[in-house]
Amino acid sequence: MQNSTKVIAAIVENKPGVLHSIANMFRRRGYNIESITVGHTEKKGLARMTITLNGDNKTIEQVVKQMNKLIDVVKVSYLEKENIVTRELALVKIKVIDAKTRSDAINCVEVFRGRVVDVSPETLTVEITGTSDKIDAFVNLMRTYGIMELARTGLTALSRGVKSIRIID
Amino acid sequence: MTEMSGAKAIIKALEKQKVDVIFGILGGAVLSIYDHFRNSEIRHILCRHEQGAAHAAEGYARASGKPGVCMATSGPGATNLVTGIANAYMDSVPIIAITGQVPTTSKNTTYMIGRDSFQEADIVGITTPITKYNYQLKSAAEIPGTVKKAFHIATTGRPGPVLIDVPKNLQTEVAEMNFSNKIRIKGYKPKTNPHPLQIDRAVKLLITAEKPIILSGGGVIISNASHELLKTAETLIAPVATSFMGKGSVPENHPLSVGSIGMHGNPAANKLLCEADVVLAVGTRFSDRSTGTIDTFCSKAQKIHIDIDAAEIGKNIEVNVPIVADAKKALREINHRLIIQLKNRKESSWANRVKETKQQLNKPPNKSESNLKPKAILHELRKILPNDAIVATEVGQNQMWSALYFNILKPRTFISSGGLGTMGFGFPASIGAKVACPNRPVVDIAGDGSFRMTEQELATSVTEDIPVIVIVLNNSVLGMVAQWQRFFFKGRYAAVKLGSSPDFVKLAEAYGAQGLRATSLKEFKKAVKQALKSDVTTVIDIPISEEENVVPMVLPGCGIGEQVGDY
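Sequence order for the protein chains is W and C. When the first sequence is numbered by this note's numbering, its final residue is 172 and no position is left out of the sequence of numbers. When the second sequence is numbered by this note's numbering, its final residue is 578 and no position is left out of the sequence of numbers.
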């Protein structure tokens, strides 16, 4: 069984302590979270968490089961890579020393369909959205200019088509 | 809807859950709750240490099958409960721990919690990994619903401890309390009914098995499924081995019972499990002490695993047929089909093999040996005690000798710290068990090391009039670790000698209990009989050899088929 990055989505109660109990379970059982994103859902009182972690299928199965055991986790699913859309957002502050590097950098940003969201005499801040691979590629390219600051949200994901993780009252 | 204070609401909510006893110690942050005990039918038992209160609540729960309740104040009171809560979590026992907390607000500040106030401890944070769930109340009006939810979570599915943290100001806050609201927990719906397809697969496997064996765990006791399990065994004519926690799930004097498995398991149980071709495991989590090395555990057998906790299936052992369900319900389904298909099954050669193995490997105590051997002591004890007597143990050699040599004949009559291995558990647990079953003798089989860890509860048992019997197998050392130092550190003893202090007879007497010493088997029998007649707690001190080992033993890193030493 091969280790690879896997995506788990969970609908959880939106209240204090929930993130702690989930993070605590991961720490205690030795699972390593690569990224975690949390936000509101279409239902009041429920939040959605997207967790990526590295492991083989057996590990992921245990993670899903252990998450399911937590009372505040309402529903949890392993999302197979082939059947989901994933996105990540990054804000990248790039160093631009002169007008030429600035226009070069902006060209690259356009190729990657990013957006310049802030400009100062020495910096350019870019917003870029896409799959994690795309963001990796963009970040690597920007290293040639010099990255002053980088903030990535971590991956979020939804299933394709009608399949969904919903809570029906 | 009625208006009342939070403290009164807590007592009322507990009464609604039919709580009749609480083990606890009061303190500054629970004064208001304690003030309301005087108006309640609930008996409060004042323990001498919060750890004792938590263990007593667990002993009560395990003997009665009802949830046990313990209470402590904020800060150190709450943290002293931690060992007891962790113990209940590991052994899946429903206890409710209620802790006081510093106020959420006070006259001087808007928020006291989080300001490192006097006797503040983040007990919710501390107990998150050792509770099934925990709550910190934010308003008094939440009390009725929260208590109801706590009991529901603790007692259903795979049971476990639930903690409710109650800030001090909410205890005096007056609010409209609604006790009749239905509770709803979105993320908690334990699955209890087995999947019919998996039952079919299990039945097919069992019917075709030539050498079937049942591995019965603590889940069988929790689910009150002993009757069903025995029915399965008798229909299949299959031997029943138990996990340590499953001890007592079948009467150990039953012809099909082969004892408990594991590191210090019964050699017949370990051996037959290795020979079986189909294992039906029920309510057990395949702990490392049970299985020995995982890759050699029942490697020849197809495995059926019934457990109410889906996360236990496939966690430690890969199984062929997973059944997520309540043990009783699953076994009923299995029995229903087995009985139709296996009516009048004749004993096979496997049944003979079981008898032969038991006979060969389970020798009675040697009469010619020095008569103060643990095996002989425990055999005698079994003869004296009635079948429904409750036996608790401490942890270490006393516990493993009990597992090996003391037959348990009824479910819920063996109470021991299986998962966490908490020294000092047995004595307070036996007090809790006695409160649950006041008309039955309760005995704590102890070692001198373990007993000293919670011995102060002698005061509880004497002043609260809860007579139990403590049998101290006194070898003046921390016996199990001394054994490991003998086996694995070439006999280099380090920090294991306890010496002859204290004198347990005098210690008992100092507490107002009865202290007896037995230096022969004859004296021991006499002492137990005297203790059974006594209406006060009795400590029986029995000096045994410092060098005594628990054997047979599966050495670390070996499979359970490779035990060393004779039974």
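A portion of the hints provided could be inaccurate.
[What the hints assert, rightly or not] Each computed DSS-like pair below joins lysine-lysine, with the alpha-carbon atoms no more than 25 Å apart:
(1) K160/C x K77/C
(2) K215/C x K72/W
(3) K394/C x K200/C
(4) K61/W x K46/W
(5) K314/C x K61/W
(6) K68/W x K29/C
(7) K242/C x K29/C
(8) K215/C x K357/C
(9) K47/W x K215/C
(10) K200/C x K61/W
(11) K72/W x K18/W
(12) K46/W x K149/C
(13) K78/W x K193/C
(14) K68/W x K197/C
(15) K197/C x K72/W
(16) K215/C x K18/W
[To be verified] Residues from chain W that keep clear of chain C, each with C-beta distances beyond 12 Å, as calculated:
(17) P19
(18) K61
(19) L73
[Unchecked claim] Label-pair distances were calculated between CB atoms; the ranges are:
(20) K193/C x I170/W: 17 to 27 Å
(21) N204/C x K46/W: 51 to 61 Å
(22) T8/W x D306/C: 41 to 51 Å
(23) N189/C x S123/W: 54 to 64 Å
(24) P449/C x N60/W: 49 to 59 Å
(25) E358/C x Q65/W: 58 to 68 Å
(26) K501/C x G33/W: 26 to 36 Å
(27) T8/W x K508/C: 50 to 60 Å
(28) P19/W x K501/C: 36 to 46 Å
(29) N27/W x Y122/C: 20 to 30 Å
(30) Q65/W x G136/C: 22 to 32 Å
In case anyone wonders, no lab produced these hints; they're calculated from the structure. Glycine included, every Cβ here is placed at the ideal spot set by N, Cα and C.
Taking the hints in turn, this is what the structure says about them:
As the CA atoms of K160/C and K77/C are separated by approximately 15 Å, the hinted pair is consistent with the 25 Å bound. Proposed proximity of K215/C and K72/W is contradicted: the alpha carbons are some 30 Å apart, above 25 Å. Note on K394/C and K200/C: the hinted pairing is violated, with a Cα-Cα distance of about 45 Å set against a maximum of 25 Å. With a C-alpha separation of about 31 Å, the suggested pair K61/W and K46/W falls outside the 25 Å cut-off, and the hint is violated.
For the suggested pair K314/C and K61/W, the alpha carbons sit about 18 Å apart, so the restraint of at most 25 Å is met. Restraint check for K68/W and K29/C: the C-alpha separation of about 33 Å exceeds 25 Å, so the hint is violated. Note on K242/C and K29/C: the hinted pairing is violated, with a Cα-Cα distance of about 33 Å set against a maximum of 25 Å. At roughly 18 Å between alpha-carbon atoms, K215/C and K357/C fall within 25 Å of each other, so this suggested pair holds.
Proposed proximity of K47/W and K215/C is contradicted: the alpha carbons are some 47 Å apart, above 25 Å. Taking the CA atoms of K200/C and K61/W, the gap is about 24 Å. The hint holds against a cut of 25 Å. In summary, the hint linking K72/W to K18/W is supported, as the alpha carbons are separated by about 17 Å, within the 25 Å threshold. The hinted pair formed by K46/W and K149/C meets the criterion: a straight-line CA distance of about 23 Å does not exceed 25 Å.
This hinted pair checks out: K78/W and K193/C have alpha carbons roughly 22 Å apart, not beyond 25 Å. Straight-line distance between C-alpha atoms of K68/W and K197/C comes to about 17 Å, which keeps the hinted pair within the 25 Å bound. This hinted pair checks out: K197/C and K72/W have alpha carbons roughly 12 Å apart, not beyond 25 Å. As the CA atoms of K215/C and K18/W are separated by approximately 47 Å, the hinted pair breaks the 25 Å bound.
Not every CB of chain C lies more than 12 Å from the CB of P19/W, the least distance being 9 Å, so the non-interface label is violated. Interface exclusion of K61/W from chain C breaks down, the closest Cβ pair being 7 Å apart, not more than 12 Å. With a minimum CB-CB distance of about 7 Å to chain C, L73/W fails to clear the 12 Å threshold, and the non-interface call is violated. Against the hinted window of 17 to 27 Å, the Cβ-Cβ separation of K193/C and I170/W comes to about 18 Å, which satisfies the hint.
Between N204/C and K46/W the Cβ separation comes to about 28 Å, which falls outside the hinted range of 51 to 61 Å. Taking the beta carbon of each, T8/W and D306/C are about 28 Å apart, not inside 41 to 51 Å as hinted. In this structure the hint that N189/C and S123/W lie 54 to 64 Å apart at CB holds, the actual value being about 58 Å. Hint check: P449/C to N60/W, Cβ distance near 53 Å, so the stated range 49 to 59 Å holds.
For E358/C and Q65/W, the Cβ-Cβ distance of about 41 Å falls outside the hinted range of 58 to 68 Å, so the restraint is violated. About 33 Å separates the C-beta atoms of K501/C and G33/W, a value consistent with the hinted range of 26 to 36 Å. For T8/W paired with K508/C, a C-beta distance near 54 Å keeps the hint of 50 to 60 Å intact. Checked against the hint of 36 to 46 Å, the C-beta distance between P19/W and K501/C comes to roughly 53 Å, which is inconsistent with it.
Look at N27/W against Y122/C: about 24 Å separates their beta carbons, and that is inside 20 to 30 Å. Between Q65/W and G136/C the beta carbons are some 24 Å apart, a value that agrees with the proposed interval 22 to 32 Å.
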